[in-house]
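Chains as they are written, first to last, in the numbering used here: chain A, 818 to 1132; chain B, 818 to 1132.
Keep in mind that the hints were calculated from the coordinates and are not lab data. Quick caveat: nothing in here was measured; it's all calculated off a predicted structure. Some clues are possibly wrong.
Note: identical chains are not told apart, hence a pair may lie in one copy or across any two.
[As the list claims (entries may be wrong)] Restricting the straight-line Cα-Cα distance to at most 30 Å, the calculated cross-link-like pairs of lysine-lysine (DSSO-like) are:
no., residue 1, residue 2
1, Lys1026, Lys900
2, Lys1026, Lys944
3, Lys900, Lys944
4, Lys1022, Lys944
5, Lys944, Lys847
6, Lys1123, Lys944
7, Lys935, Lys1123
8, Lys877, Lys1026
9, Lys944, Lys891
10, Lys1022, Lys900
11, Lys1086, Lys944
12, Lys1123, Lys1027
One-letter residues, chain by chain:
There are 2 protein chains.
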Amino acid sequence: MKTVFTFRPPRSLQARLIERYPSIEFMFYKTVEEAEELSDAEIIVTFGENLTPQRIEACKQLKWVMVASAGLEKMPLASLSEKDILVTNARGVHKIPMAEFTLGYLLNHVKRFLELQKLQGESTWNKRLPIGELADQTLLVLGTGAIGSEIARLAAAFRMKTIGINRSGRIADSFSNVYQIDQLLSVLPEADFVVSILPSTNETKHLLKKEHFQAMKKTAAFINIGRGDVLEEQVLMDALNEEEIAHAYLDVFVQEPLLEEHAFWNHEKITVTPHISSITPQYLPRVFEIFEYNLDQYLQGQGIYKNRVDINRGY
Amino acid sequence: MKTVFTFRPPRSLQARLIERYPSIEFMFYKTVEEAEELSDAEIIVTFGENLTPQRIEACKQLKWVMVASAGLEKMPLASLSEKDILVTNARGVHKIPMAEFTLGYLLNHVKRFLELQKLQGESTWNKRLPIGELADQTLLVLGTGAIGSEIARLAAAFRMKTIGINRSGRIADSFSNVYQIDQLLSVLPEADFVVSILPSTNETKHLLKKEHFQAMKKTAAFINIGRGDVLEEQVLMDALNEEEIAHAYLDVFVQEPLLEEHAFWNHEKITVTPHISSITPQYLPRVFEIFEYNLDQYLQGQGIYKNRVDINRGY
């Protein structure tokens, strides 16, 4: 049974797999292009780059694709669905770094670390900055999955009120309240912070419109660590320029990398980071935990997989 | 019964007191110098500035001083002790903003927000920064009172290991482990972050010496939100310059305001903030909650006070 990696994990992780699973032939390639034996793979472990429909077509033994990320935009979902391939992903692996990143933004915002740093640059002792507090503020999170719940858990530890938004309005871990997406406009006025962790799907594309930013507090901060196309960038620019909201913290963009000439870079109300909220030294170790759990299931023919992807929903 | 404030709280808070306590005559002065009727006060509510021994001597009715801060350096403790005056303070009011501030620093440190901001200034998309994580890191807190425990509680929510240091080694809320101050040197090597919230007392002055910084990890960050004289500033400069530790986040200093020509301002491994970690819009409302609780006790003659100060210990 061949398992082909289209990326090279650290040697320690490779060694652990080889030792734990003697019945499996593991092949580790730097890229999908270099993965000569891809078409013989029964299992592919991949970040998804360049895994084209043609390449999937050519795989005659393929049963399972483990995607080492959470987003599936790069995956040839139609081909995988057609061939009835099991797809699992690394959902949940992102929750710790992304939730930490989000709370980092929130604290930066209320504690005015940027302004404090400017004052330090000027050797100026100024106690008059209006430093705020997270306690008792309201955080609204678009998306109540693993990441959203982890953000809400931390926010609750900071004594914040947490509102979750999902499709069904079904309660989710760590949220004070959860509302259906239909009710978004009516709850947005309560939020001091609005965080989007939504994936890119037909339903979420351009979900946030002018009216949503108009409904937010003028002091609200918007944080996007999901996908850039949850809004049209001009809508956000207008909301900031027209003072509908106070600041946007953006880690994701319609086009990445963000072009050097993009207006976001120099906008004083926009903080740009290069899609790094999920980066952590623990990333691959955690991916491997999921992969090995599922591999045990697969080998035992039990079929109860962690993070099985519903291909038709796209996540 | 006269209660004299040596500062002017917002009118809403004044009005609430006046309404709730009809038997008390409240006088609100901008400063202690303007407080003409100070010497007739049975209760003084003060931040402590210029409350000299002479002024205390002149108070013939004085029974209780409520200090609206936690530090007591400015208080004429000997005079108060001699006259057996009840002293209470605002301990605990600082815990929420100071713990938020500390976690803000921690997240800034591991998420490299400063470097990300520089990259934004250069319109540079660079995903290669080694972004870290708080989860599984170790936080050592010098001082396990209300503030220390609140920091530990939040750090635990971030899945950090938390070590507390106090005089007795007695366990304290939210800490994984607590050690006696004598054991400090032996536990410092475990810490990724060392936070001091120690007050200034004879025991804590210059507590941290060269050997303590040498015992820390070279990657460790030191955070001081307690009092500046927990170390001699040159000891810290040397530790940074000799790469014994990676960074210092300082909100408190031996002399405040920090002089414009002080070397800390421009040190690339030092983040300076102007003693603001405890600032919050909720500060006075929370002080008033404590004051009113104690005032109820006082009026009922029950004498079980929140935040009663042990004058001889100095906190």
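Verification of the supplied hints:
1. For the homomeric pair Lys1026 and Lys900, neither the shortest alpha-carbon distance inside one copy (37 Å) nor that between copies (67 Å) is at most 30 Å.
2. In this assembly of identical chains, Lys1026 and Lys944 lie within 30 Å of each other by CA distance solely across copies; the values are 29 Å between and 38 Å within a copy.
3. In this assembly of identical chains, the alpha carbons of Lys900 and Lys944 never lie at most 30 Å apart, being 64 Å within a copy and 35 Å across copies at closest.
4. With identical chains, the CA atoms of Lys1022 and Lys944 are at most 30 Å apart between copies only, with a shortest distance of 25 Å across copies and 43 Å within one.
5. With identical chains, the CA atoms of Lys944 and Lys847 are at most 30 Å apart between copies only, with a shortest distance of 19 Å across copies and 53 Å within one.
6. For the homomeric pair Lys1123 and Lys944, the shortest alpha-carbon distance between copies (28 Å) is at most 30 Å, but the shortest distance inside one copy (50 Å) is not.
7. In this homomeric assembly, Lys935 and Lys1123 never come within 30 Å of each other (Cα to Cα): the closest approach is 46 Å inside a single copy and 39 Å across copies.
8. Taking CA atoms no more than 30 Å apart as the test, Lys877 paired with Lys1026 passes in neither setting, with 45 Å inside one copy and 67 Å between copies.
9. Within a single copy, Lys944 and Lys891 get their C-alpha atoms only as close as 49 Å, which misses the 30 Å cut-off; across copies the closest is 19 Å, which meets it.
10. In this assembly of identical chains, the alpha carbons of Lys1022 and Lys900 lie at most 30 Å apart only when taken from the same copy (27 Å versus 71 Å across copies).
11. Proximity of Lys1086 to Lys944 under the C-alpha cut-off of 30 Å is found in both arrangements, the shortest distances being 23 Å within a copy and 22 Å between copies.
12. Taking the shortest Cα distances, Lys1123 and Lys1027 never come within 30 Å of each other, neither inside one copy (38 Å) nor across copies (50 Å).
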